[in-house]
Every structure is written in C-alpha cells, then in structure tokens.
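My request is simple: use the sequences and hints to build the entire structure.
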Amino acid sequence: MADKLTKVPVREQDPQARAANFEEVCLGYNKEEAMEEASRCINCKNAKCISGCPVSIDIPGFIKEVKEGNFAEAYKVIGKSSSLPAVCGRVCPQESQCEGVCIRGIKGEPVSIGKLERFVADWAKENGVKPEPPMPSNGHKVAVIGSGPAGLTCAGDLAKLGYDVTIFEALHQPGGVLVYGIPEFRLPKDKVVAVEVENVKSLGVKIETDVVIGKSTTIDELLQNEGFEAVFIGSGAGLPMFMGIPGEISSGVFSANEYLTRSNLMKAFRDDYDTPIKTGKKVAVIGGGNVAMDAARTAKRLGAEVHIVYRRSEAELPARVEEVHHAKEEGIIMDLLTNPLEIFADEDGWVKGMKCIRMELGEPDASGRRRPVEIPGSEFEMEVDTVIMSLGTSPNPLISSTTIGLDVNKRKCIIADEEYGQTSKEGVFAGGDAVTGAATVILAMGAGKAGAKGIHEFLSKK
Amino acid sequence: MYKILHAENLAGNIFLMQVEAPRIAKHCEPGQFLIVRIDEVGERIPLTICDYDKEAGTITIVFQPVGASTERMSHLKTGDSFIDVVGPLGQPSEFIHEDIEELKKKKMLFVAGGVGTAPVYPQVKWLHEHGVDVDVIVGAKTKDLVILEKEMEAVAGNLYVTTDDGSYGRHGMVTKVIEDLTAEGKQYDVCVAIGPMIMMKFCCLTTKKLNIPTIVSMNPIMVDGTGMCGACRVVVGDEIKFACVDGPEFDGHLIDWAQAMKRQAMYKTEEGRALLKLREGDTHHGGCGHCGGDK
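Residue numbers (my numbering), protein chains in the order written: chain G, 1 to 462; chain P, 463 to 757.
None of these hints come from the bench; they were simulated from the model.
Virtual Cβ for every residue (Gly too), placed ideally from N, Cα, C.
Among the hints, a few may not be true.
[As the list claims (entries may be wrong)] Distance ranges between label pairs, derived from CB positions:
1. A72/G - E701/P: 50 to 60 Å
2. N225/G - S543/P: 24 to 34 Å
3. K516/P - T402/G: 11 to 21 Å
4. D346/G - I702/P: 14 to 24 Å
5. M463/P - G405/G: 29 to 39 Å
6. A645/P - G377/G: 53 to 63 Å
[As the list claims (entries may be wrong)] Sample of chain G residues with no beta-carbon within 10 Å of chain P, all distances over it, derived:
7. E12
8. E68
9. K215
10. I249
11. N257
12. L336
13. G349
14. V373
15. G427
16. G437
17. K453
And the structure:
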C-alpha cells in the first residue's frame with residue numbers, strides 16, 4: 001500500500017480548529033505508522049544520518065528496533081546519545097540535519113527520523129520505560145548553570161558517569177527555552193518537557209530553581225565555598241534586542257521573549273492563572289525566525305489578526321519550513337519585504353499604527369543572503385494595536401561580568417573550546433547559546449555533551 | 463518553598479512579611495529587589511527588599527494590595543509559604559560603592575512616600591551603620607498610614623513626618639517639606655526619593671527647581687526581573703533602560719515620567735477585572751461583558 005518514496009504522513013490537528021487552541025498541532029505516529037515508516041530505512045552501512053545529528057544518535061540502530069516493534073530497545077539506543085528525545089524529535093530542524101543527508105531523500109523523501117524518535121520517546125513515557133540507571137557515585141560535585149537543553153544534557157551525561165550534579169536555574173521552573181520560549185502547541189510542557197526533566201532528575205541530578213547566578217550567588221563562591229569542583233555554564237542567550245526606532249517604548253510593544261514568557265511559562269492564555277497578557281486585535285510580529293512564528297501563532301490563538309513583518313522575502317525566512325507552512329495554514333498574514341520605521345501611539349501611549357517602508361533585495365551581503373534595500377518613497381502606514389519584536393537575542397552579561405577570569409568576545413558570548421567546552425577559567429566549562437549566541441536546541445545539547453566530556457576528563461585527572 | 467516566619471498588618475492595608483530566604487539574605491544590598499510568586503497559578507510580583515538579616519537568613523518585604531495578586535498575598539499568614547522567592551535583583555544603591563569618608567561629607571536627603579518608606583529604610587539603615595546620618599522625610603496620606611516610624615527614627619539623623627491631611631506631624635505633601643526645609647536653610651547635595659511614580663515625579667520637579675540631584679527607584683511592570691524580556695523598559699535621558707538590570711535606581715531628572723506612567727497602566731483593565739473577580743467571584747456578570755465569568 002505504501003509508496004516507499006514518500007514519508008508515512010503524520011496526523012495533525014485541523015488548521016481551523018487548532019488556530020483557536022493551544023493543543024499540540026502534530027499528533028505523531030501510532031505503532032503501525034511508526035513501524036511502516038521505519039521499514040523505509042535501508043540501514044546504510046555508512047549511515048550519513050548519524051553524522052548529520054549533532055549528538056550522533058545511532059539512527060539506523062534505533063530504527064531497526066522500531067521496524068521490529070522493539071520500542072523499549074529503540075529507546076535504549078537513543079538514550080546512549082540523547083537525554084531529551086521527546087523534545088528533539090519535535091523541535092530539531094531535521095531537514096538541515098539528520099533527514100537532510102538521508103539517502104532516501106535523493107530520490108523521494110528522507111526517512112521521517114524526527115517523528116520516529118518522537119514516537120519512541122512518547123511510547124517509552126506511556127509505558128513507564130525509564131532511562132538506564134547511573135553508575136555508582138564517584139563523589140565529585142559539579143554545578144551546572146541553567147536548565148535549558150545544554151544544561152540538562154550536560155547534567156544527565158555527568159550523572160550517568162556517577163557525578164553529584166546540581167543545576168542552578170534562575171526562573172521558577174526548569175527547562176529554559178523549552179518552557180518559556182517554545183509554545184505548548186509545538187512542545188507540550190506537562191506531557192513532554194516536565195517528563196524529560198523528571199528523567200534527568202531520576203539520574204540523581206538536583207535542580208535548585210530561583211537562583212540567579214551573579215546575584216543570588218556567584219560561580220566563584222560555588223567553587224570556593226560550596227564544594228563544587230567544576231562548573232558548566234549553559235545560561236543561554238536570553239537578552240532581547242529591540243530596533244531602536246521611535247515609539248518603541250509605547251504600551252503594546254513587546255519583545256517576543258516577554259510575550260512568549262507570559263503565555264508559555266506563566267500560562268497567561270489560561271483563565272485560571274494570574275498573569276495577564278494583552279491579546280490585541282491586530283498584531284504585527286517583526287522578524288522571520290522560529291521565535292517570530294511562535295509569537296505569531298500564539299497571538300493568533302489568543303484571537304488576533306496576525307501579520308509577520310519581515311524585511312527580506314519568503315526564501316530568506318530563517319524559520320523552519322514546517323513552521324512557516326503551519327503559520328500560513330493557520331491564517332498568519334505574511335507582509336514580506338517590509339520594514340517598520342516608526343511606531344505611533346494614541347494619547348494613552350498605546351500602539352495605534354506603524355510607519356513601514358517597502359524593501360527590495362540587492363546584492364548578497366557577508367552572510368550570503370541578499371541585502372534588503374529600502375525603496376525610496378514607498379512608505380506607508382499600517383494600523384496595528386500590538387507589536388512584537390522578534391529580532392533575536394544575545395547572552396546576558398550577568399554571569400560573565402561576575403566571574404573572575406572568564407573571557408567573552410565582543411558579542412558578550414563566553415569563549416569556549418568546541419570539543420570540550422573549556423573556557424579561559426580552570427574548571428569552568430560552557431556551551432550552548434551562551435557560547436554561540438542564539439542557535440538550536442540540538443546544538444545546545446551537543447555542546448552540553450562536549451562540556452560533560454570536558455568536565456569528566458578534567459576531574460579524572462585531578 | 464519559602465516560609466513566612468512573620469506576617470503583620472502594619473497600618474491600613476499595608477502588610478509586612480519576614481520570609482526565610484538564606485541565599486537572598488546573604489547577598490542582598492540596599493536598593494535591590496526580589497520577585498515572589500504565591501503559588502502554582504500565581505504571577506511574579508516584584509517587591510523592594512525592606513530589611514534583611516544575613517545571619518538568620520531572612521528578608522523582609524512590605525507591600526500594599528494594588529491588584530488581584532497583592533490582594534491575594536495580603537491574606538497569607540505566619541507559617542504559610544511562597545512557592546518562589548528570587549533575588550536579590552537589580553543594582554544596589556550607588557552609594558554603597560562610594561568612599562565612606564566622602565559620603566560623610568555629603569548632605570543626603572531621603573524622601574519616602576507611603577509604602578515607599580519600606581525600601582528607603584534599608585538604605586538609611588546601611589548609611590547609619592556606616593556612620594553616615596541623613597535627613598529623612600516620610601510622607602503618608604493620614605496618621606494611620608505612617609509606617610516604620612520607630613525603626614526609621616532609630617537610624618535617621620533628622621526625621622520629618624508629614625501627612626497630607628495634617629493629622630500627624632507636619633501638614634502637606636513631601637514636596638512641600640522639601641521646599642520648607644530648604645527655605646529653613648538646609649542644603650542638600652543629593653536627594654533619594656522612593657514611592658508611587660506620581661510622588662517621585664513631583665519630587666523630581668521640586669528638586670530640579672532647587673537644583674538638587676535626585677535618584678529615584680522605578681517600579682515598572684516586570685515579568686522575569688533578570689533582563690530577559692524588557693517589560694520593565696524605561697526612558698532615561700536618550701536611552702532605553704531595563705529597570706530590572708540597569709536599575710531600579712536612576713537619575714530622576716532624566717526619567718520620562720509621562721511615558722513611564724502610561725506603561726505602568728498597561729494592564730489596568732486586566733488587573734481591575736482580576737481584582738473584581740477575586741472579590742466578588744462570578745457574581746459580577748453585568749454590563750461590562752469583559753469579566754470572562756459569564757461564559
């Protein structure tokens with residue numbers, strides 16, 4: 001029955017229905033669908049997909065088990081390389097990683113590796129299968145700063161090796177961008193994120209929330225007074241950027257971080273939670289990345305007419321193709337080759353509109369993308385009551401500025417070696433967005449693994 | 463969980479709580495704030511630290527219900543707990559970095575409005591402990607709303623209490639006392655004013671006239687309090703600052719007060735609705751159609 005050239009389609013919520021709720025859009029494979037999709041894998045000897053995965057999961061290995069219905073075994077294979085499969089199966093840009101290099105993709109569609117990984121992780125959760133138990137304690141204490149994907153991975157890997165690991169998290173809930181950034185409809189918080197955090201805790205990892213490193217305590221104090229022998233910094237890039245245009249301080253102008261934190265972490269979209277959110281009737285989201293798509297689709301679900309305002313064309317949108325597709329299906333309007341120049345407010349200080357200008361694409365710039373150029377005289381006004389700035393984020397300098405001897409580059413990113421995460425300070429390792437600037441969940445996980453390797457080597461020599 | 467070791471109704475609807483939070487107590491300095499969350503469904507509420515005991519590992523907060531969350535908070539009793547207390551946040555007051563001998567030469571005036579007396583207290587106390595005595599004006603609407611008078615008296619050089627209605631101490635707003643004191647021959651090198659935005663704004667108008675540099679502690683809307691969202695943006699001179707990381711204290715003469723007050727009112731209707739729902743339950747279904755309780 002199946003056409004081996006195309007993926008087994010994955011079931012999704014109907015676009016009309018889902019644009020009005022916060023339930024997960026993609027419903028995932030069932031057993032039969034997963035086994036059928038797994039049978040499309042040709043089990044390459046020199047599997048390219050493994051090299052496409054930043055944490056080098058044995059992809060043909062786990063898919064072979066899925067094919068035969070040995071899901072617990074498949075979970076074990078993935079667990080050797082990844083601590084967060086239910087997350088990565090959902091949010092990795094597989095098209096540019098594992099699936100992007102799949103041989104099947106040359107003639108037809110690649111194997112749906114992400115959806116299979118997700119199926120295995122969800123199946124393990126539903127059937128109460130836990131990760132492998134850790135090695136016996138080796139007595140070494142390690143601190144991990146930040147409980148995002150980098151920190152959770154590093155902590156999980158170290159705990160498996162027998163380290164006594166404590167994660168320090170500034171917010172009241174662990175998960176980093178997985179809880180405050182990525183919305184419920186892409187990554188369910190209770191069903192997926194909380195379960196994976198529990199899995200990491202089941203390895204013996206302690207998580208102390210409400211601790212802002214640089215304020216509540218410092219890395220130097222952890223090393224000198226609290227008995228920690230090594231530190232991994234996975235504090236991310238959480239500082240939002242604004243455009244610096246007139247009117248940006250008006251009420252109704254939000255950073256995507258604020259908008260998404262209110263909705264995701266504080267659950268402002270639910271009536272039974274205290275935190276408010278301004279829904280808006282007509283919302284403009286400035287930017288074209290995944291965060292912009294998340295903010296736009298959130299505003300849509302809160303009942304607004306939503307426009308993505310982006311200065312380049314559709315081909316240059318940095319967001320995942322799947323997310324752009326989902327956004328369009330849900331009725332998000334794309335105002336491309338458009339850039340805001342000024343925001344207007346009414347007498348109460350509330351946003352009432354924006355002055356925008358049309359753009360055209362010129363010569364490629366240093367990044368290889370064609371540079372957007374203003375078309376003179378093409379200014380126009382757009383009526384909106386809410387503006388969400390989604391222009392990217394940079395690392396918070398709080399940790400680097402309060403840690404003696406920790407070097408950063410001019411973008412305030414911590415300088416760390418790629419293979420082991422070693423920073424300029426002995427015993428201090430770093431990885432993820434804190435080092436690279438805003439990137440992906442899976443790259444952060446890869447950096448967390450590298451940091452764990454670095455710390456293990458460092459403490460083994462001690 | 464962060465245990466409330468002591469809860470007390472100080473005056474009118476002003477409440478004081480002493481909370482167990484050892485990490486914060488150990489690290490906090492005058493001028494900093496913290497964020498509390500009551501329970502799982504609670505929002506994050508920023509509050510200035512009013513006192514701390516590094517040995518005992520406790521911090522003290524003072525607040526006045528202004529919306530649904532602080533109203534709910536006011537019902538917590540001794541022995542209850544906050545699910546989250548985060549801090550210390552923000553920059554400490556600048557004077558703690560200054561040379562003590564230089565500070566002793568300066569004439570400092572602290573102006574506290576209403577519940578703003580609480581955040582002024584740790585600053586005056588710190589200075590007193592370092593041998594610097596300063597003048598303090600405490601203003602309240604009426605006699606019953608004067609708080610922390612005894613505590614303040616113990617650490618202030620000169621304390622001037624004033625009430626808007628003249629029921630206690632001097633008569634009139636704090637701005638009048640600033641003018642009166644300078645007319646009486648007092649000279650100040652710096653003024654620190656903390657209270658409601660409208661009071662800080664008028665203090666700044668007065669001190670500008672009198673040519674006294676003035677520091678204020680901004681209290682905009684906040685969410686995380688660690689610099690990751692920008693909800694607390696304020697315009698200071700030509701720049702946009704995040705009050706939670708760059709402040710909360712700024713040069714009051716550079717603040718765009720009109721803008722700051724508009725931003726503070728951003729959620730007024732939501733707050734009003736939430737408060738109404740809390741006080742009157744689902745009974746308030748009538749004309750407004752916005753309370754969300756009738757569907």
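Taking C-beta pairs only, is I249/G more than 10 Å away from all of chain P? About 6 Å separates I249/G from the closest Cβ of chain P, which leaves it inside 10 Å; violated.
Since G349/G was said not to touch the interface, does its Cβ keep a gap of more than 10 Å from each Cβ of chain P? 3 Å, violated
In terms of Cβ atoms, is chain P entirely out of 10 Å range of E12/G? 28 Å, holds
The output says L336/G does not contact chain P. Does that hold with a beta carbon cutoff of 10 Å? 26 Å, holds
With respect to the beta-carbon atoms only, verify the hint that K516/P and T402/G lie 11 to 21 Å apart. Distance hint for K516/P, T402/G holds at roughly 19 Å.
Between A72/G and E701/P, is the Cβ distance one that fits in 50 to 60 Å? 57 Å, holds
Using Cβ atoms and 10 Å as the threshold, tell me whether E68/G really stays out of contact range of chain P. 43 Å, holds
For the pair N225/G and S543/P, does the Cβ-Cβ distance stay inside 24 to 34 Å? Holds: the Cβ-Cβ distance is about 26 Å, inside 24 to 34 Å.
Over 10 Å to the closest beta carbon of chain P is the bar; see if V373/G clears it. 27 Å, holds
Separation of K453/G from chain P, once the least beta-carbon distance is taken, above 10 Å: 29 Å, holds
Holds or violated: is the Cβ of G427/G farther than 10 Å from all Cβ atoms of chain P? The claim stands: G427/G keeps its Cβ more than 10 Å from every Cβ of chain P (closest is about 22 Å).
Status of the given 53 to 63 Å range, CB of G377/G versus CB of A645/P: 59 Å, holds
Taken one by one, the earlier hints fail for this structure at numbers 9, 10, 11 and 13, listed in ascending order.
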